[in-house]
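Required output: the full structure, derived from the provided sequences and hints.
There are 2 protein chains.
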Amino acid sequence: MATLSKKELSLIDAYWRAANYLSVGQIYLLDNPLLEEPLAADHVKPRLLGHWGTTPGLNLLYVHMNRAIRARDLDAIYVTGPGHGGPGLVANAYLEGTYSEVYSDISRDTDGLRRLFRQFSFPGGIPSHVAPETPGSIHEGGELGYALVHAFGAAFDNPDLTVLAVVGDGEAETGPLAASWHSGKFLDPERDGAVLPVLHLNGYKIANPTVLARIPEEQLADLMRGYGYDPHFVSGDDPADVHEQLATELDACLDRIAEIQQTARTGKKKPADAPAWPMIVLRTPKGWTGPAEVDGQQVEGTFRSHQVPLAETRTNADHRKQLKKWLKSYRPEELFTDEGALVPELAALAPEGVRRMSANPVANGGQLTRELRMPDFTAYAVDVPDHGTTSSEATKVLGEFLRDIIKANPDNFRLFGPDEVASNRLSKVFETTDRAWSAEIIPGDDHLAPDGRVMEVLSEHLCQGWLEGYLLTGRHGLFTCYEAFIHIIDSMLNQHAKWLKTTRDIPWRRPIPSLNYLLTSHVWRQDHNGFSHQDPGFIDHVVNKKAEVVRVYLPPDANTLLSVTDHCLRSRDYVNVIVAGKQKALNYLPMDEAIAHCSRGIGIWDWAGNTDGEPDVVMACAGDIPTLETLAAVELLREHLPQIKVRVVNVVDLMRLQDDREHPHGLTSRDFDALFTKDKPVIFAYHGYPWLIHRLTYRHTNHDNFHVRGYKEEGTTTTPFDMVMLNDLDRFHLLMDVIDRVPSLGSSAANLRQQMGDARLAARRYTREHGEDDPQISDWTWGAGHGTADD
Amino acid sequence: MATLSKKELSLIDAYWRAANYLSVGQIYLLDNPLLEEPLAADHVKPRLLGHWGTTPGLNLLYVHMNRAIRARDLDAIYVTGPGHGGPGLVANAYLEGTYSEVYSDISRDTDGLRRLFRQFSFPGGIPSHVAPETPGSIHEGGELGYALVHAFGAAFDNPDLTVLAVVGDGEAETGPLAASWHSGKFLDPERDGAVLPVLHLNGYKIANPTVLARIPEEQLADLMRGYGYDPHFVSGDDPADVHEQLATELDACLDRIAEIQQTARTGKKKPADAPAWPMIVLRTPKGWTGPAEVDGQQVEGTFRSHQVPLAETRTNADHRKQLKKWLKSYRPEELFTDEGALVPELAALAPEGVRRMSANPVANGGQLTRELRMPDFTAYAVDVPDHGTTSSEATKVLGEFLRDIIKANPDNFRLFGPDEVASNRLSKVFETTDRAWSAEIIPGDDHLAPDGRVMEVLSEHLCQGWLEGYLLTGRHGLFTCYEAFIHIIDSMLNQHAKWLKTTRDIPWRRPIPSLNYLLTSHVWRQDHNGFSHQDPGFIDHVVNKKAEVVRVYLPPDANTLLSVTDHCLRSRDYVNVIVAGKQKALNYLPMDEAIAHCSRGIGIWDWAGNTDGEPDVVMACAGDIPTLETLAAVELLREHLPQIKVRVVNVVDLMRLQDDREHPHGLTSRDFDALFTKDKPVIFAYHGYPWLIHRLTYRHTNHDNFHVRGYKEEGTTTTPFDMVMLNDLDRFHLLMDVIDRVPSLGSSAANLRQQMGDARLAARRYTREHGEDDPQISDWTWGAGHGTADD
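Protein chains in written order, with full-length UniProt numbering: chain X, 1 to 791; chain R, 1 to 791.
Where hints are given, some of them may not hold.
Just so you know, same-sequence chains aren't split out, so a pair can sit in one copy or run between any two.
Under the rule of at most 25 Å between Cα atoms (straight-line distance), these lysine to any residue pairs were calculated in the SDA-like manner [stated by the list, open to error]: (1) Lys-678 to Asn-702; (2) Lys-678 to Asp-704; (3) Lys-321 to Arg-47; (4) Lys-501 to Arg-525; (5) Lys-546 to His-665; (6) Lys-678 to Tyr-698; (7) Lys-680 to Asp-704; (8) Lys-7 to Gly-236; (9) Lys-407 to Leu-368.
For the record, the hints were derived by calculation from the structure and aren't laboratory data. The structure displayed is predicted, hence computed values, not measured ones.
Written out as structure tokens, the structure reads:
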């Protein structure tokens, strides 16, 4: 028996035609939206900017999901991998009324249709992609590869949600997408929702066939089975036939999902029974229902339908005629009333209220965001009896705070990391939770469980993508990563930052929790992995994004890390990058001072300098290792050149260095000058590439006196102190820099400079002989024996 | 019948034990390499930096490959996915003699052994990974994900080569690796060599089990079949049993490879018969043959063997005792002579000369590099009768040059791109070649063939990785990509740049062809894709790399693009980034001037300015669109404020802006001042993020007068001129900037400023009304009607 009655099939097909009509209308028409007049050149847009090829397939899936939503009262969203199919998603949001609700000028009548068409890819209008402006979207889909991973991120901790994830066969060739299929092993059918992937094989990319469309179907089925899915195939180019197949297979898939969830949720499932989730392979022609042939070349069913099949509709009457025929082929007169509204019989096919995929609050996650329940971070403070005399592993301390955040927010916060949570010394979290793992578990495994709150997979792409999906649907999280390898997701960060920037100007989009990074195992302490693991450049990448979106923090010790993390986790709509060490390092500030310092973001450390007045030199530092080396240099300076007045400035919030016209955290000229003077040398020890400090400070008065040391791409497998020496960031070199910059110090300084050079050579010799740093250097603490302890 | 005779098995096992012994020795021992004395604390390294877990598996595969190489006279290299297994690859290079050939101090005796052990992960010694310092390596393996794609890159156009590609099961979780399996569809069994992937399932990452080790074996087999392979399984923890299995399956795989190649090369194969290539799944314990248990916890066969199973061998006598037992378990006395040389019976197992995988010249590709045969690029010049009056599509012109390079170098050059070669207007190349494609080909396909020289797949990771493998083995190539999405491979660029930097200091490593990028479809002309496709930040990322390695070029038109590309393709050991437009744009320079301009890299365009002497303002520009807007602004300036003396400086080679102490291409202060003056305002229109210009120029005298316009992260789907206006880079705004910066211009300037503001509003209004730019703006050419044409 057929799944669809004749009547249902006819209605579904009509709804699909309506969506296709509106899609073509958006790409082509400036006016005359219902073709009530003869189609004239000036009814057509002068520049045709849009993508037709993928759109009919997206529309097809939308209307079939609508049927399923109504039939099952499904709570569902639609993630569009081929985001350039924007016209289709806009069309559907319009057809079901959401579009007019959020954009009141785009009304459900002829005038609204005109505006809907005109605004698309038009100056002052809307983008061509499934952008933040598109209701129901959590995924712009411009940079391909992240549809499936976003879908899984949305499904985590949303047990009632079904995410339809359309994966284009172009996108399927990307690395991140290829890895994303494995996400099922990290999804708990009991506590998480479901993802239904649809691999849409329309066969072509911009100019080429796609790999997965050109391998034998049995090989493709093997691939999907290998990824852990049970593939359901739907193929054809006859609409009625495809409608029937798709309705049948979609029902089968949703039945199977319900069954898997039912089994899991009624306690019948053993953890190791990883189910094969259903997925759909939909094989339909690219540019389906569009012009079969243009100027003698086949277009429908080929890569030539990728963008605009008819390119000269403004100037070429034949093309225009063909456009009209194409539009008319959808029989708009059957679909829309004379006033331009969807006919009621079709309007009734859409789900209602928040069941509409375009109006599901999950896709405007800020609406659903619950505040994190935050334990008092000061309760985790390390005791700091004196500045810089005791040590902690900062991230290990943070682990206790994170543990209790996880405990207090059992369905609202997750920790993400590429197999590095333990390596990054956050293992305390495993006192309260496990790593999410729905594949096989064997004796001896360390904290694995299907409902674990720690997401670990050796893929920065998956960590980032899951977290993005989780945040975009209103929940909270933290991504902890080796500093060097966070570059793997540079481009994903770009896209998320662009999303955040854009949503700030969309009133109906509510703020979402910030994207928080904890970068550790950083450039200065990759002792055992060496050069390939040494790269602090993610900060540089991030600060290229819009100033109102990005924040960078370099807490120098455990208490400042606690304070900064608390701040970041409470924030909204930012990208927060925290860089902190995991190795044993000095505690500089007791908690009260840490809080004060972090809330200023930058400040003078009076206890470290030797003057309350105007200094001869400013020693500035940002980052744990630069702070250590700066203080050690300051101590040497105070011992050997006590006549020099030195001020120590520590920077936690890097954006404080910028001009207040450039960044909302930026300092005024007056405040900057008060810290760094107007004319004194500033020796700045910085965690990353030194020129970033110049780029941030170049507008400030005293910039020409800034002398910055940082990572200059020198490194290997070696000791910590050898690393700083390789990059001239060591205490001895910093002191040499002071001597070189402070005028007229006389001959004692020249001798001291020589001594410092000798100390460097001795340190290198020691290291190469013993294979470890001289303990006099590595065990250094503030004030030990040099009479500079806090008084 | 067994594949291995008892004698063979025993020898192979002994060789494996020798490699394992040397691996453990490197990780632990400072001295007493053959345990001739009792093992004392100071024989052991104070800091243990290395990774044991993966190493025995790598050593196992090495000795078995050696057997196959000798038996078949194979030309083979070994790509080590788990690059942290460095001790194993170093051990094998040492065992077969290569190590001592390239590092004469590491001799094949006890003294050499001592040095071999000591140098590993030791200050002043060698890195812990399979770094450039390791003979036979083309793959550092620190950032995981690229083993397989590098292997394929090496195999292309090397028909006699077999690349063993070991993929760790951790690495297998990454996106790039997951996509890499599909590389087989782009390999021509007739003209390319073979890749034999080994998926090494040792079951664990740093702290977690691996996904592929925990799915049912049948699912894994499906996955491999789905990827297009015929999997051969080898599993066990009994060495003798595993030796026999591995020898048998390796033989079967190599037989099958020979058969596929034979079929393809004797013309019996139809293009569509994509063969299932063999691959091996090797399942052996992590840390195999290491300590089974330490301090009561299981170590062998778990994630606890990832790094150093015994962590306290210096301070804990029990650990040291266990280390001794572990080392002795390999029975070194059977493996090495009293003088510390490998016993002759074992030494005889290694292949000889260049058949040794550590000595194969393919893995030191510069040795094999043949010069590209370069047609004369000036033959492709566009005719430029007057500066800036005619138009070309620069990349389309370049396409002709590339076509003929491909033609002249049929086995030595490839063009790589993520489905964008046609979109980037390089289609002329298809007059001489096709896209590489070994999957199904159907009628209507556009230039697909197994032996195509254009590598197109929708994965920037694969394009980059294939090209890296191709370059590292001594061939030439060019990667053309949308500018925004090249960020996808930021981290891969990092690793390649680090490789290039390191090899400069390794005398036996020969220079290899440069890594060349052509970035087009750039930020200013993403009219139809909008914000997600707009990002010029790759340049910023690249300039963080070591100055001696990176070069960035912004040719403003077709002839300069030809000249720059010719230069880049001839170079060695650089990363060259070329950013150029693909849209119709003005031709500024005839070829002779283009050559002169490009060889200087920066220069005054006399024809555009109105003074030979000291100017009142310098209008500088870098990039095609900034050059266009600058010239249009200059023309307005010359028309409306003819009393102002303006100089136009165009920058092609971005690194010329830096100080000569910072970059080898940098200008001296004197030269910089001669171009930019010491004190006049400089209005700089730049292609990318404006602060990069500040970062490059901050050391120069006149820096404080630099006023830079560029992309400030504002964009959407809109017209070209609207894009430049959104970012204040338009001609009108540049002129306003001049007025704001040149002192005492009087009231006529104030009026002009107002006019310019009005012109911006009018332009925006026009665009929003018509959906395209005002033709007066978009059709602008130099000198048209304003009396500023060249005279």
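Alpha-carbon proximity between Lys-7 and Gly-236, which holds within one copy, between copies, both or neither at 25 Å: within (21 Å within a copy, 61 Å between copies)
Within a copy, between copies, both or neither: which one fits Lys-678 and Tyr-698 at a CA-CA cutoff of 25 Å? both (13 Å within a copy, 17 Å between copies)
Under a CA distance limit of 25 Å, which applies to Lys-678 and Asp-704: within one copy, between copies, both, or neither? Cα proximity of Lys-678 and Asp-704: in one copy and across copies (10 Å, 15 Å).
Taking 25 Å as the upper bound on the Cα-Cα distance, should Lys-321 and Arg-47 be classified as within, between, both, or neither? within (18 Å within a copy, 78 Å between copies)
Indicate which option fits the pair Lys-407, Leu-368 if close means a Cα-Cα distance not exceeding 25 Å: within, between, both or neither. within (20 Å within a copy, 60 Å between copies)
Pop the pair Lys-546 and His-665 into one bin, within, between, both or neither, using alpha-carbon distances up to 25 Å. Classified as within: same-chain Cα gap 13 Å, cross-chain 31 Å, threshold 25 Å.
Have a look at Lys-678 and Asn-702 and pick one of within, between, both or neither, based on CA distance no larger than 25 Å. both (5 Å within a copy, 19 Å between copies)
Homomeric proximity label, Lys-501 with Arg-525: Cα distance no greater than 25 Å: Intra 34 Å, inter 21 Å, cutoff 25 Å: inter-copy only.
25 Å Cα cut-off: does Lys-680 pair with Asp-704 within a copy, between copies, both or neither? The answer is both: 10 Å in one copy and 18 Å across copies each meet 25 Å.
Checked against the numbered hints above, the structure violates none of them.
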